[in-house]
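**Q** Quick mapping for you: the protein sequence lines, in order, are chains A and B. If you use our numbering, the first sequence corresponds to residues 1 to 276, in order. If you use our numbering, the second sequence corresponds to residues 1 to 203, in order.
Keep in mind that a hint or two might mislead.
[As the list claims (entries may be wrong)] Going by beta-carbon spacing under 10 Å, a handful of chain A positions derived as facing chain B:
1. F68
2. I70
3. N149
4. I153
5. Y157
6. V204
7. A245
8. K246
[As the list claims (entries may be wrong)] Covered by chain A, per the in silico footprint, the following chain B stretches (three or more residues, Cβ under 8 Å):
9. 21-33
10. 70-76
11. 102-113
12. 166-176
[Stated by the list, open to error] Pairwise CB distance ranges, derived in the manner of DEER restraints:
13. A:I266 to B:I9: 27 to 37 Å
14. A:V71 to B:L138: 54 to 64 Å
15. A:V204 to B:E145: 35 to 45 Å
16. A:I266 to B:I5: 47 to 57 Å
17. A:T91 to B:R10: 52 to 62 Å
18. B:I5 to A:N234: 39 to 49 Å
19. A:A222 to B:E145: 28 to 38 Å
20. A:A259 to B:E145: 29 to 39 Å
21. B:G178 to A:D188: 48 to 58 Å
22. B:I5 to A:L256: 28 to 38 Å
Since the hints were derived computationally from the structure, they do not count as laboratory data. We put the beta carbon where it would ideally sit given N, CA and C, even for glycine.
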Amino acid sequence: MTIVLEMLETGKAKSPIHSCDPRMKLLWWVCFIIVPILVTNPIILIVFTAFIWILAGVAKIAKKMYRFLIVTYPIMIGFIVLTWPFFYKATPDQAFLFNWSIFHVSVEGLIYATAMGLRIVLALTACTFFVMTTDLMDLASGLGEFLQNKLGISYMYPLMVISSFKFIPELSGDYLTITDSFRSRALDIDSGSFFQRLRKLAPVSIPLIDIMLRRAQRISIALEVKAFSVNNKNRTFFKEHRVQAKDFLLLSTGVLALAISIAAVILDVAKVEMFF
Amino acid sequence: MEGLITKKIRWGQKFGTLEIALTIIGAVLYGLGAFSTMSLAIGFITLRPFAFIAVIWGVMFGPWVGGLAALIGNTFISDILAGWFGIGGVGGAIGNFMMAFIPGLLVSHPKNWKSVALWGGIVGTLVCALFVGGWIALMGFAPFEVLFTSVLISNIPPNLILAPIISAWLFPRVQKRGLYWRDRLESAEAQSLDEEVEEVLEE
């Protein structure tokens, strides 16, 4: 839970990247979602990942990002590197390390698996960078403004997303209050096997669900009181987003990465197979 | 098959403030449940003991409320905060939406454990695994078989075992508060019918 709150808070920090328009950062991120889909060349992937780490330094979030990703990287890469070699298509010209029946591991398969792992690393780094440099509520508000004014879509959807983030601390606070009250009545929630702990959560879940339902009714009343209408498409926004030169500068780095990837595809150097 | 599928399939669900509030609460519960068990990971598929929340939300509060809660909880809370959105993104969003939408649409009654187990525990979960595995395989991140199996392993136990039990246990409490979606829909329809009759009488 602390990680969630910490990440949400990091998005509100002040830096040249944090101050960019959230919608432009979203577009930048979209570019970096497409790049690992197009490219499997490990060199290109490593260069782009390093570039994001440099941007993380500019945004002053490198340490926090490192603490988060150092846990996630090994899980992702480990899984990919372990599973891909078994699914890599075997051909007689490969250098096999292990080959029995349908199970085979070759050097080519391992290189391919590493490249797949690096794709995941790039996608993961870009996403984490985006989350840690963007106030998600600001993004949802900006998107809501765009969706309503340009596409005529109700503010209801962005409201749901914004409110979900807003209620994370409150609901987790409710959970902690309930578990603490049970602890004070000598229920040892933290000890025992996985299933024993799961069983102990049953008495906790009853007041928790009750509180959730009550809270839902309160939110509904609060929305009614403020005359919230699902069909109102003329809503005004407290914060109006304007795109500036620095936003385009950030976006251009994403577009450039995408252009390089497309060029690599055209020049036939985008795939890891070129190393075999 | 009688009793396993609802006789009255309702595609539409009118969104008012209560539906919005229930979606928000469901999204937070599902998202935090998924994120808190992120450490139980098989690669980029996490074991999700709280996956049943999506099914329950669909069955209790309607397919659209449940579907949107699961979509927002999975994508905007769990995936984005975990950094996995770029990888599982669209497939995860649609898959989780369907996991709540299908039981919400087709379960005959929340207390009918067979119906909840069939549509939530089996069909909804299979569709979710298809979308997640299919999307990630389509993007070329991992083989379909691996992802499809991982999602099934992570979602089938809670959806097949816990969802029917919790659904039967929770239903009277939800109904007592006037939050059960089919009851709300029927009373809204009856009310609009009354209003129409009144208008005709006035004329």
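**Q** Decide, hint by hint, whether the structure agrees.
**A** Evaluation of the provided hints:
{"no.": "1", "hint": "F68", "verdict": "holds, 7 Å"}
{"no.": "2", "hint": "I70", "verdict": "violated, 12 Å"}
{"no.": "3", "hint": "N149", "verdict": "violated, 21 Å"}
{"no.": "4", "hint": "I153", "verdict": "violated, 13 Å"}
{"no.": "5", "hint": "Y157", "verdict": "holds, 8 Å"}
{"no.": "6", "hint": "V204", "verdict": "violated, 13 Å"}
{"no.": "7", "hint": "A245", "verdict": "violated, 27 Å"}
{"no.": "8", "hint": "K246", "verdict": "violated, 24 Å"}
{"no.": "9", "hint": "21-33", "verdict": "holds (count 10)"}
{"no.": "10", "hint": "70-76", "verdict": "holds (count 3)"}
{"no.": "11", "hint": "102-113", "verdict": "violated (count 0)"}
{"no.": "12", "hint": "166-176", "verdict": "holds (count 3)"}
{"no.": "13", "hint": "A:I266 to B:I9: 27 to 37 Å", "verdict": "violated, 49 Å"}
{"no.": "14", "hint": "A:V71 to B:L138: 54 to 64 Å", "verdict": "violated, 28 Å"}
{"no.": "15", "hint": "A:V204 to B:E145: 35 to 45 Å", "verdict": "holds, 38 Å"}
{"no.": "16", "hint": "A:I266 to B:I5: 47 to 57 Å", "verdict": "holds, 52 Å"}
{"no.": "17", "hint": "A:T91 to B:R10: 52 to 62 Å", "verdict": "holds, 54 Å"}
{"no.": "18", "hint": "B:I5 to A:N234: 39 to 49 Å", "verdict": "holds, 42 Å"}
{"no.": "19", "hint": "A:A222 to B:E145: 28 to 38 Å", "verdict": "violated, 47 Å"}
{"no.": "20", "hint": "A:A259 to B:E145: 29 to 39 Å", "verdict": "holds, 35 Å"}
{"no.": "21", "hint": "B:G178 to A:D188: 48 to 58 Å", "verdict": "violated, 37 Å"}
{"no.": "22", "hint": "B:I5 to A:L256: 28 to 38 Å", "verdict": "violated, 53 Å"}
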